[in-house]
Amino acid sequence: MVRARGLAVLIIATFVAFACGGTTSSGSKGEIDIASDLPTSGADASSGLPTQEGANFAVTRAGTVRGYTLKFVPFDDSVNGVHDPAHGVQNVQAMISNNLILGMVGPFNSNVAKAEIPVANAAPLAMMSPSNTNECLTVTYSYCQSADGFTAESLRPSGSNNYFRVAAPDTFQGPAMADFALKAAPAGLGITKIAVWDDEETFGQGVANNFAKEFTAKGGTVVDRKSYDPKAKSDFHDFLASAKANGAQGIYVGGTSATGACKARGQMAGLFNPDIYYLGPDGIGDAQCLTDSGSMATSNMYATQGVADATQNPSAATIVAAYKAAYPGASNIGAYTFAGYDCAAILIDAIGRAIDANGGKTPTRAQVITALGQTKNFQGLTGVITLNTAGDQTTPTLQFQQVQNGAWVFKSQFAVGGTTS
Amino acid sequence: MIGALARMPSTLRTLGSSQVSNLIGLLIVAAALALTLQHVLQHSASLFFQILIIGIADGSIYALIALGYTMVYGIIELINFAHGDVFTLGGYFSLALFPIFGIAEGKAGFGYVIPLLIVALITMLLCGLVNITIERVAYRPLRNAPRLAPLITAIGMSSVLEGAMYLWRGPFSLHYPDLLPLTRFNIGPVNIGVKDLIVIAFAVILVVVFTLFINLSKLGKAMRATAQDRDAAQLMGIDINRTISATFFIGAALAGAGGITWGLYISSVDPFLGFITGLIAFTAAVFGGIGNIPGAALGGLLIGLIRAFSDSYFDSSWTEVLIFGILIATLVFRPTGLLGMRVPEK
Chain A
4 MVRARGLAVL IIATFVAFAC GGTTSSGSKG EIDIASDLPT SGADASSGLP
54 TQEGANFAVT RAGTVRGYTL KFVPFDDSVN GVHDPAHGVQ NVQAMISNNL
104 ILGMVGPFNS NVAKAEIPVA NAAPLAMMSP SNTNECLTVT YSYCQSADGF
154 TAESLRPSGS NNYFRVAAPD TFQGPAMADF ALKAAPAGLG ITKIAVWDDE
204 ETFGQGVANN FAKEFTAKGG TVVDRKSYDP KAKSDFHDFL ASAKANGAQG
254 IYVGGTSATG ACKARGQMAG LFNPDIYYLG PDGIGDAQCL TDSGSMATSN
304 MYATQGVADA TQNPSAATIV AAYKAAYPGA SNIGAYTFAG YDCAAILIDA
354 IGRAIDANGG KTPTRAQVIT ALGQTKNFQG LTGVITLNTA GDQTTPTLQF
404 QQVQNGAWVF KSQFAVGGTT S
Chain B
9 MIGALARMPS TLRTLGSSQV SNLIGLLIVA AALALTLQHV LQHSASLFFQ
59 ILIIGIADGS IYALIALGYT MVYGIIELIN FAHGDVFTLG GYFSLALFPI
109 FGIAEGKAGF GYVIPLLIVA LITMLLCGLV NITIERVAYR PLRNAPRLAP
159 LITAIGMSSV LEGAMYLWRG PFSLHYPDLL PLTRFNIGPV NIGVKDLIVI
209 AFAVILVVVF TLFINLSKLG KAMRATAQDR DAAQLMGIDI NRTISATFFI
259 GAALAGAGGI TWGLYISSVD PFLGFITGLI AFTAAVFGGI GNIPGAALGG
309 LLIGLIRAFS DSYFDSSWTE VLIFGILIAT LVFRPTGLLG MRVPEK
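Quick note, the sequences are listed as chains A and B, same order.
Going by the numbering used here, the first residue of the first sequence is number 4, and it counts up by one from there.
Going by the numbering used here, the first residue of the second sequence is number 9, and it counts up by one from there.
FYI, nobody ran anything at the bench for these hints, they're computed from the structure.
Incorrect hints may have been included.
[To be verified] If you want the ones that stay clear, here's a sample from chain A, every Cβ over 12 Å from chain B, calculated:
#, residue
1, Lys221
2, Ala290
3, Asn303
[To be verified] What follows is a set of in silico ranges between Cβ atoms, one per label pair, in the way DEER data are often shown:
#, chain 1, residue 1, chain 2, residue 2, range
4, A, Asn212, B, Val37, 31 to 41 Å
5, A, Gln377, B, Phe280, 46 to 56 Å
6, A, Lys234, B, Ala153, 25 to 35 Å
7, A, Val412, B, Ser54, 35 to 45 Å
8, B, Ser54, A, Gln208, 28 to 38 Å
9, A, Gly193, B, Ile108, 42 to 52 Å
10, A, Ala187, B, Phe280, 26 to 36 Å
Ideal Cβ positions, reconstructed from N, Cα and C, are used throughout, including at glycine.
Isolated chain A, as found in the complex (with noise of 0.2 Å):
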């Protein structure tokens, strides 16, 4: 009995002098905390962790915010190296338990956010995603409920939005790409027969149809269309034969690395030209579709990438260059890092302004949220950044990227219209 309450008192003592720790910093009328979800171990750490070092970098370098101290609180999703949604909801409702938490940067994959925005929806929690492009996580497209199987309303169950993103979402890759490869060189690629395949998922499908309806459109013949399971197709011989002798110039991918897009640019050798063309989305925009396509891993590869490329940004490159300072290794600086900056800075102005709108006292989570969807013109790495009512930005940018010498780098890139349709 008294070695029980000798136990209770002590952990009473601890509770008010972590109580007291907190609340008597020198200063500081508080502390705000900003989470963030991303898969930082594992295979997907190459495209996570980089994203996650770069809100770090954000929330430090901001240090405060009208006068509360910030700290930044990492999360990972990976389960054995590969994101996972139910992870990443065990995360939210974390966060959601943890007060001082007013919003988070994150998910970076889009059937994360699927799972997380309706958690997150009805507590309700800040959410700004640096990466996910699926279209139907804010716009409700007549196709969503059959192909996603959720819309845009059905993730909202509180009614109102909670979730935002800088990347610009699906439907602006396949026409966009489209639009390149019609364009005479050397604006863009000028080839006028191509064909078309896709790995029957939802993103491959849906952004090989909108590359074949607009490049059809525009002018275009699509020559050969073929679908694959990528969990069968791993010989793509045949596919190729077909193309060639249908005329294609080009071959236009909708997929990612992971179902297998870039294999076929890999059996290639021999049966093309090295300088027959490969185009796909940002699926296929990383090194595991260099490995796959070995020795046709050429200059006749183009990608296109959701969002803007920070370093063409001269107004961000003091921003850029601390960065390398502060993280100068290779693998520091992933296609999202600085859409991973923009979005936690994002998120410490939204905060800032939602303190004032509160009279200088710790705003509420939903406080937070309305500031967020009232973000204008704000001076981001990546571009001036605005965000709609859905939570899209309302000029997202596409960037364009070419191999060279066995590495993606950047090509062009420009602002894309409104998202609503």
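Fit chain B to the supplied structure of chain A, relying on the hints for placement.
Below, chain B without anything else, positioned relative to chain A:
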């Protein structure tokens, strides 16, 4: 081939005994051929021949894998589901061996023929040893258990092998170096790749050599005796365990060679490649008549052709439906397969 000819009379007898189902089967095949012909005529002849060669190349690799399924089934009536993953292991082992023998992409040439063959031999040996171990650990203790028990351990071993490859080299596909010559030449309208021919030749030589081995050697005779009647074979002084181990070894060696050939042909391997490839090869074995070695070779070739033509001239979404439809149709209408199952004469 000799075996196939010898079995012709019995094949014809089966035709007589189930004429109705055969008629239905023939009608379906005729309709499929007519439909394919219609699609083929819409495209160029050169494409047709190219697809034909791709189909034969794929089919000869399926045949290499199917032989292992059929041999193991013939001798202990077990479907070794881990066989497809032993095939993938062939790709993984050879990838690990290449640097040791100085083989890398861009270093093609005649000087690399010998090292490549040595790698192939070591890989076949390693795959054989893995399969013998699997048999010793997962199947032999269950030899007298109900049929379902070893089937379940087989599926378990398949997962173990996939998991091991996943942990070894990661979840993603690995690039397999382009080592075969990429030259192509034309005979009339037909464009042929040297690579395709090498793949076909390699597979055909292996299938023929091993068929002859089983038909002519003493060990082959012991295997056939064990398949016919295990107890009688044992009474005649055949070491059953050794014979069964040899069967697993040979089957796995062929699958390992298949893994290398497949890697060279499609330029990539991934841990889960063997799952679907194994299922397709298993279908080929059933199609040709499970337990029948020439049947497995013929089944593999036909399935390869069907896959290539279906993918190219129709929708590839239907290819799997077609292939597994063939599996079901074979089991329902002609359980003995095209060339007849080797039924143990008990």
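Run through the hints listed earlier and report the numbers of any the structure violates, in increasing order.
2, 10
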